[in-house]
Amino acid sequence: MTHTRPIHSVVLVKQVPDTHNITGEVMTKDGTVNRGALPAIFNPEDLNALEMALQIRGRQGGSVTVMTMGPPSAANILRESLYRGADRVVLLTDRKFAGADTLATSYVLQLAVQKLGRFDLVLCGRQAIDGDTAQVGPQTAEKLGIPQITYVESVIEVTSTQITAERALDSGSEIVRCALPCLLTVVGSANTPRPASVRRQMERKLAAAPGEYRAIRAAWPEFDTDEALEAFLSKHDLKIPVWTAADIGAADGSIGLAGSPTQVHKINFVVLESTESKTVPPTPEGIAAMVAELVHEYIVG
Amino acid sequence: MTETKSIWVFIEHTDDRIADVSLELTGKARELADQLGYEVVGLLCGRDVEALAQHVIHCGADRVLLADHEELSLYRTLPYARVAISEAQRRKPEIFLVGGTPNGRDFAPRVASALRCGLTADCTDLQVGDYHVRKEDRTYKDLLYQIRPAFGGNLIATIVNPNTRPQMATVREGVMRKPAPDATRTGIVEKIVPGFEPGDFALEVLSRRVRKSSVKLKDATVIVAGGAGVDGADEFALLRDLANLLGGEVGASRAAVDAGLIDRAHQVGQTGTTVRPRLYIAAGISGAIQHRAGMDQSSKIIAINTDPAAPMFQIAHYRIVGDVAEVLPMIIKSLRERSIDQREAE
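Residue numbers (my numbering), protein chains in the order written: chain A, 1 to 301; chain B, 1 to 346.
Among the hints, a few may not be true.
[Stated by the list, open to error] In the DSS-like style, the derived pairs of lysine-lysine whose C-alpha atoms are separated by at most 30 Å in a straight line are:
hint, chain 1, residue 1, chain 2, residue 2
1, B, Lys-300, A, Lys-278
2, A, Lys-266, B, Lys-135
3, A, Lys-235, A, Lys-115
4, B, Lys-5, A, Lys-266
5, B, Lys-92, A, Lys-143
Hints were generated in silico from the structure; no laboratory data involved.
Let the hints inform the model, and build the full structure from the sequences given.
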């Protein structure tokens, strides 16, 4: 039996617009996106990363901390993480973070992970469905100065000094062994994320970040000041900590738009090309005529 | 050292064969370099891979930087990135292109982070152009336009990196044409000696399993693809029959893959394979943007769907409103009858 020990994991997650379910109602006539019509969801592969961290903790103990950089509303996915079993969550939010590309994002995540202190594993989903870049994981690993294992399909073993994992590649798979601490990016086929626990949901549904106090006090008038609410939340371990740029010691020139080397030159909306097209009746005669045409044009035959 | 500006291409390879996407990028880099007066440089890391260098030159490179070392025999992030980072810091390429393969997308962000340069993922087109920033009243000349679908493929964004070098991009496989190698092309193979650090060997590859895929979607001239509108395995078998008859391949939308009708290797679309066959038959595929992004360059598209409002109909050349289970047999029958007619005529 190899020597195992408790493993402390940090899971980096993102709240994303549900781009996989874009329907006719979301796309407007001129091809633009009606963002308001898109629900914000937990990035799917980040749930797989969280599940992987929870399974490791289940096997050998340790802790799972979940962090997200995003707008105040991203507290929603942190609560989701608590319901699923995260020990601790942190919301990285600051107007100065807005407009960050992957490089500026990875800088913030690096500082936040370092501020947490000791960790063995950093996990994140392979990519987020709103950008599909798969860049933030490796960039964060580079900034932290730790190795990375991308496309992780399964964790075979975590010892006190090393992790053995399987990577899923287009062309096959490979099994690698890597020194701890390291960063994993997890693919969607790795596991089936557990649902939120009803018990934990009951216990933690009041968990809130300071940006949400006003809304909570509207529903709970017995807390007449933010301070009173905060005292209550702190006492019951329900306060979601918020870290700003100043809290993590981020340099203004390296975050948000200013820290992003990539710039958007232009955006073109995808308007479906109107092609020269024919409606073919679903009858033997209609089909035969179409096939004849395709043969004539050397498309088939 | 000459001060010629350069475009670099990361040359990926397995089992002594260069990845198609690396050659596609070498061809594209050649085009861009001719336009800009730059040099094309292939970065080739590996073990006993010198023979591959000439092929990169034949496909358009002026120079190959060859790092031949036993620690580079299999792709690993840190040793490969070490070579790229230290050479890029020294030689300062203007542009650095990497294939959008799993390992390419593992490598590129690691390198970009270390070089603190901009990186655009999964581009579908690259061009050169100017970029005017009104706030600075300044025009940046000859930037790389990195063009990619964004927001789930509903938008096409053109990204530029005005202030950092190299301008890095990963590019999706199959979207650029592979150049025909020209054996008369000559170039320089420059050997480089990697300067590793102990931490570069933190990861060890214990085993590697290569799946021999019999699916050749990318090169198929005809693809018969099924989606959520295909009801069960029996109906899916019709797709196979038709594909066999046409000498083509079977493709699928994510819905069909998720429903377990077919292996993921057949998936066409943004998260699957990008294809551009002569004929694409979309059977029961509604045509979500993610799917269309992977096949809308097909020469001819036939869409079959019971829902006349399916978005696929908007890009189809032939629209057939009907049930897959009824329409496919008609196409099969019609094709068989034609081939009988032909034989009788001969």
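Taking the hints in turn, this is what the structure says about them:
no. : hint                    : result
1   : Lys-300(B) x Lys-278(A) : 12 Å, holds
2   : Lys-266(A) x Lys-135(B) : 16 Å, holds
3   : Lys-235(A) x Lys-115(A) : 23 Å, holds
4   : Lys-5(B) x Lys-266(A)   : 26 Å, holds
5   : Lys-92(B) x Lys-143(A)  : 21 Å, holds
In the structure shown, no violation is registered for any of the earlier numbered hints.
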